[in-house]
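Novice: Sequence:
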Amino acid sequence: MRRAPILFIAMWLALGTAACAAPEDRAVSLPDGRTLNLYCQGRQGPVVVFDSGWAADSRVWRRVMAQLPEDVRACASDRAGQGRSSPGPLPRDGAAVAADLHAALKASGLPGPWVLVGHSLGGLNMRHFARAYPTDVAALVLVDPTGLSAPGAFAPLAARSRNCVEALKADAFPPDRPDLARCKGEDRAAALARWEARLSEIEAAGGSTSAGLADQGPGSLSMPLILLRPLPQQAAGAEPPAPMPMDPLAGLSTRGAARLVPGSGHMIMIDQPQAVVQAILDALKAAKPPVSPGTDP
Numbered sequence: 004m005r006r007a008p009i010l011f012i013a014m015w016l017a018l019g020t021a022a023c024a025a026p027e028d029r030a031v032s033l034p035d036g037r038t039l040n041l042y043c044q045g046r047q048g049p050v051v052v053f054d055s056g057w058a059a060d061s062r063v064w065r066r067v068m069a070q071l072p073e074d075v076r077a078c079a080s081d082r083a084g085q086g087r088s089s090p091g092p093l094p095r096d097g098a099a100v101a102a103d104l105h106a107a108l109k110a111s112g113l114p115g116p117w118v119l120v121g122h123s124l125g126g127l128n129m130r131h132f133a134r135a136y137p138t139d140v141a142a143l144v145l146v147d148p149t150g151l152s153a154p155g156a157f158a159p160l161a162a163r164s165r166n167c168v169e170a171l172k173a174d175a176f177p178p179d180r181p182d183l184a185r186c187k188g189e190d191r192a193a194a195l196a197r198w199e200a201r202l203s204e205i206e207a208a209g210g211s212t213s214a215g216l217a218d219q220g221p222g223s224l225s226m227p228l229i230l231l232r233p234l235p236q237q238a239a240g241a242e243p244p245a246p247m248p249m250d251p252l253a254g255l256s257t258r259g260a261a262r263l264v265p266g267s268g269h270m271i272m273i274d275q276p277q278a279v280v281q282a283i284l285d286a287l288k289a290a291k292p293p294v295s296p297g298t299d300p
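Per the working numbering, the sequence shown starts with residue 4, numbered consecutively.
Because the hints were derived from the structure by calculation, they are not lab data. In this text, a Cβ means the ideal position worked out from N, Cα and C, and glycines have one as well.
With beta-carbon atoms standing in for the labels, derived distance ranges:
#1 D190 x A289: 41 to 49 Å
#2 G266 x G188: 33 to 41 Å
#3 D174 x T138: 41 to 49 Å
Model the full assembly from the supplied sequences, consistent with the hints where possible.
Specialist: Pasting the structure below:
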């Protein structure tokens, strides 16, 4: 059932009184001379850092960031080769993504420890971050994250990416291949870098990204961890869903918890952004020691 337009307008007016100013891009220099883009809002309060799913960039978090209170800072990252970030050396696996993000956060002067939020493939990347830099992580929020996967698990996505890479390298987009239209960009070099990064990321998801977390078993983390899973809208007259069993990924932390998000698909941060906001606020409360309330330099 569609909501009345006046209710929609009133909701956004109410949010506007509490939300932060519009986010801005920050090109942060990495030690090797590349730049990693952070899409940030807020100048004081604890820092929440977002990583997106495969083929998405920092802008996918806009609905969540718009609903965060003024006393919380937020920065969504563009991984190497994506969005406004420089291409990075291959392979682009979870360990490489975590190292880039950690270096960028340190260089940016944003005080930690940070609350990390990862969606889908970004969940694997944030798990790598927590494994490599546990003292710099105040809490984890995993938004329908990808689990550990076997080689070849994402073969269709890898094939799509490989086709784009080959088409861009040859600058060949035959009219009988409409599937290649998604590969194009205003700048062919930038589009090629983007699809090379996507190909490497999705191949690594079932390879080194998953293999590198094989020893991250139950109770291996001690920071608060909130896991969100979607609960799609039930058809009228359908049986109510069974209670959610303990999700193994929530059990990675001794302080883990899992939540179902009604009325949502995989893209929870778009379908039900307030559920992600609430998880972030709960994670901030649970973090010990409290995250820094410092001000940006």
